[in-house]
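Asks: Residues per chain are reported as follows:
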Amino acid sequence: MTDPKQAIALRHLLLLTLSLTMVAAPHAARLPWWLVALAAVLAAWRAYLAYARLRLPSRWLLPLIVITATLGVYFHYRTIFGRDAGVALLVAMLGLKLLETRSLRDAMLLIFLGYFLVITNFFYSQTILTALYMLACIWMITAVMVDLHHAHAEPPFRAQLHTAGALLAKSVPLMLVLFLLFPRVPGPLWGIPRDAFAGVSGLSDTMTPGSLSELALSDAVAFRVKFTSSIPETRHLYWRGPVMWDFDGRSWSVPRFLYGTPRFTTGSRPIDYEVTLEPHNKRWLFALDLPGKVPPRAQASSDYQLYSHEPVITRLRYEMTSYLEASYGMEEGRYPIRRALALPEGFNPRTLELAGTLRAKFPDDRALVGEVLGMFRNENFFYTLTPPLLGENPVDEFLFSTRRGFCEHYASAFAVLMRAAGIPARIVTGYQGGEVNQLGDYLIVRQADAHAWTEVWFKDRGWVRVDPTAAVSPLRVESGISAAVPLTDPLPLLVRGDFEFLRQMLLTWDLMANSWNQWVLGYTPERQRQFLAKVGIDDATWQTLAAILFCVTGLIVAVLAVLTLRQLRTRVHDPVKIAYLRFCSKLRHKGLPRDPAEGPVDYANRLERLRPDLSPAVAAITGLYISLRYGTEADVTGLRELRRRIRQFSA
Amino acid sequence: MTQKIEKVVAQVGGIILGKERQIRLAIACLLARGHLLIEDVPGVGKTMLAHALAASLGLNFQRIQFTSDLLPADIIGVSIYSRDTGSFQFHTGPIFSQVVLADEVNRATPKAQSALLEAMEEHQVTTEGETRRLPEPFFVIATQNPSYQIGTFPLPESQLDRFLMRIHLGYPDNEAERALLQGQDRRDLLEGLKPCMAAQELAALQQHALRIHASGALLDYVQELVNHTRRTADYINGLSPRAALAVLHAARAWALMSGRSHVVPEDVQAVLPGVVGHRLVPAGEVGRVNGADVVAHLIKQVAIP
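Protein sequences, first through last, are from chains A and B. Take 1 as the starting number for the first sequence in our numbering and just add one per residue. Take 1 as the starting number for the second sequence in our numbering and just add one per residue.
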């Protein structure tokens, strides 16, 4: 093939630089700016050197840049290992390698680096868009590789793209087989560090005023739910998450895991559904209030939080059953009740005072709850995403001066009032509502649907859900957040839904993304087992999988090889040639094959030497063949004669 | 007709012993109206071949010894003021001859070389605004020492391309060498050569060569060969369309000499080493592989369609 030491042409270098830039581009947003600038400068420098036909920089300059870049990466990430630092180093080295790329061999190395860089992009994002973009990148890189091996004749790059496309198309069956049969590893890609999902948003184990309203600005999907039967009304859709007991005067927090067997009695029929939870780097699993079972590899605390055994860092799917009406916590012990009444000393004095007044007025717990809800409903309280900032005594300030708040303000104020009045109360955070995607008949719950409500404890009823937000803004619970907050509030576009057309498009997109999640990204060991069972392979171990994999792969390669070889064989249409080939094949069976590059005269001469007995027949046939195929006279009788002679010929 | 060619082959073969194939190629080159480049070490009979060919074909012959101080005027001719007529008179140079032997063409400077090569291409010479036709037939046999010898200006690829064929004579085999040593003096033999055909007959043969039939299947083969050199990375450059035409012309002449009215693939294979050996440079191993091996490889690679 092409000489590996051959110098690389300008066109190849530019194409190579372009394709590598394409692959590395998504990383630019995640890398420190100086590194992006360095890589860009190195690439531009190399392109300029090639354009101006200047010499490449000397051998001592490159190590200097290598050391500088490595130090820079180390000081930025405090390590040179792990995903982020590794990718940063890789991009820097890519630019440097470009700068010492002289020959075809170097260029090939860069091509393979490019393929590897494609993989690194999936460390960060595995959406359809990323996959499509990376597919385009692979196409481009492959085309450049094809181009590199065209030493002189320079066909237009379109032709290379065409060749590369055909190559990739041929690899599709292989890709499918590898995808379906390659033994699956549970969890994310091998050895991805835990920091991979450090930046994801979601509910946390503390709640301060403003933490949920911040979350409401994100239209990221929290989870998707597919119900077995019809989707319940929005006002019933309380997705239970972290439960908060402890209040320090300003923020609420989740206690350490509360052991105990949750027990409940149901008042309605079960609702079955399947949740696909987006990774949020915490352990909570969300379920409709009240969860009736515990998913595998998870456990429930006594306050009905579902905890996964390890943080959810990959998309997780679990089946759930819930009861919309259930009573629980009747036999709550002394310690939990005391915990549900605790208030810090010296905070929110006016609230405590108000609670005292109310308590004196309403000795009955239920009447008191009703009175407070009535206060929220009838007095001048506003539900807004942009509440004013609160100071030292946030509950006091909220209740008596600002009176503008998001759900966490109302839940917090309500719980504090209850506790001050001697009614055990706790805060439940989670999500409320969700958007139905009619196209796929499933529910999308976004971060913007994050919600906080309270539970109060009555001696005869156990824990009862009270949502003070519903009192202030019934729309929030009935129709979702977009209907509830003022139009001027900065809700994400997706949640707002003012543009019906756009909304439909986005829902279609979400359906595609969901299918992608379920069938491509969600192809777990579990799913693989199900799939294999469906095609009749039960109890597949990785050994059987590997064996099947090799067999099927071998088969596909063989089929592709046969098809390719058939394409290479030129089709013969000339009847004279076909007749002659029959003559050759007769001789081949007698051990006298004709070399494809051997002309008829030479062949006949050789045959005459080897088999003088055949000489007359061979001479006649060869003479006829030559005059028919290469001579001027093209007559039908000649062809008939040739065919006759070949038919009669036997060696 | 072919009998006369056979006579020429036999006559020249009597002087250059054991080189029948090269002699045939040289004649095919002439019949295809191309020019011939003979590349070999001194003393293997390059000049002798040119001389014998010219004498046997009844053509007039001039020899130009190329040296490093040769000027274009030494080849083309020069205008000299004549006192008798009171005007400049053009004195034709050695190029105005039917067979021109350009001996050791790579010893001259590129300037002198290009004067010759332009004349070869155009079949005419232009000096001082006047164009003069060269005689017909016009056949240049250039000889070249292998370029690694001292004091040479190797012909660039673009100029090599103007020669229809390049052949090597090579050392004679033992038998031929013994016959050579035992035989008469070559110069005397050369003196005694008689033309085997008239100039008109040669022109007729050249015309005839053009009409040798090349079928579609044969053209397919030529195209396959040329395309193969363009597709693979074995060569630095693929063959040019001019090279393809040269292959076809030479193959026609070869077919004529073989007494056929049409070209067969063997004709193409026979002339291919001479025609493309100097046009194909193998990639990677420049200068190490000789042209004949490269072409033999090419022939093996391409199936006859």
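Accuracy of the hints is not assured; some may be wrong.
In the DSSO-like style, the derived pairs of lysine-lysine whose C-alpha atoms are separated by at most 27 angstroms in a straight line are [unchecked claim]:
hint	chain 1	residue 1	chain 2	residue 2
1	A	Lys590	A	Lys577
2	A	Lys459	A	Lys361
3	B	Lys4	A	Lys590
4	A	Lys226	A	Lys170
5	B	Lys7	B	Lys300
6	A	Lys586	B	Lys194
7	A	Lys577	B	Lys300
8	B	Lys300	B	Lys4
9	A	Lys293	A	Lys282
Hints listed in this document are in silico derivations from the structure and should not be mistaken for laboratory results. Keep in mind the model is a prediction, meaning the values are calculated, not measured.
Asks: If a hint holds in the structure, say so; if it doesn't, say that too.
Replies: Tested hints:
With a CA separation close to 20 angstroms, the supplied pair Lys590/A and Lys577/A stays within the 27 angstroms bound. Only pairs whose Cα atoms come within 27 angstroms are accepted, and Lys459/A paired with Lys361/A is accepted, the gap being roughly 20 angstroms. A C-alpha spacing of about 42 angstroms is found between Lys4/B and Lys590/A, which places the hinted pair above 27 angstroms, so the restraint is violated. At roughly 36 angstroms between alpha-carbon atoms, Lys226/A and Lys170/A are farther apart than 27 angstroms, so this suggested pair is violated.
The straight-line distance between the Cα atoms of Lys7/B and Lys300/B is roughly 33 angstroms, outside the 27 angstroms bound, and the hint therefore fails. For the suggested pair Lys586/A and Lys194/B, the alpha carbons sit about 52 angstroms apart, so the restraint of at most 27 angstroms is broken. The hinted pair formed by Lys577/A and Lys300/B meets the criterion: a straight-line CA distance of about 20 angstroms does not exceed 27 angstroms. The suggested pairing of Lys300/B with Lys4/B is violated, with an alpha-carbon distance near 34 angstroms, which exceeds 27 angstroms.
Only pairs whose Cα atoms come within 27 angstroms are accepted, and Lys293/A paired with Lys282/A is accepted, the gap being roughly 20 angstroms.
The structure fails hints 3, 4, 5, 6, 8 (numbered hints given earlier, in ascending order).
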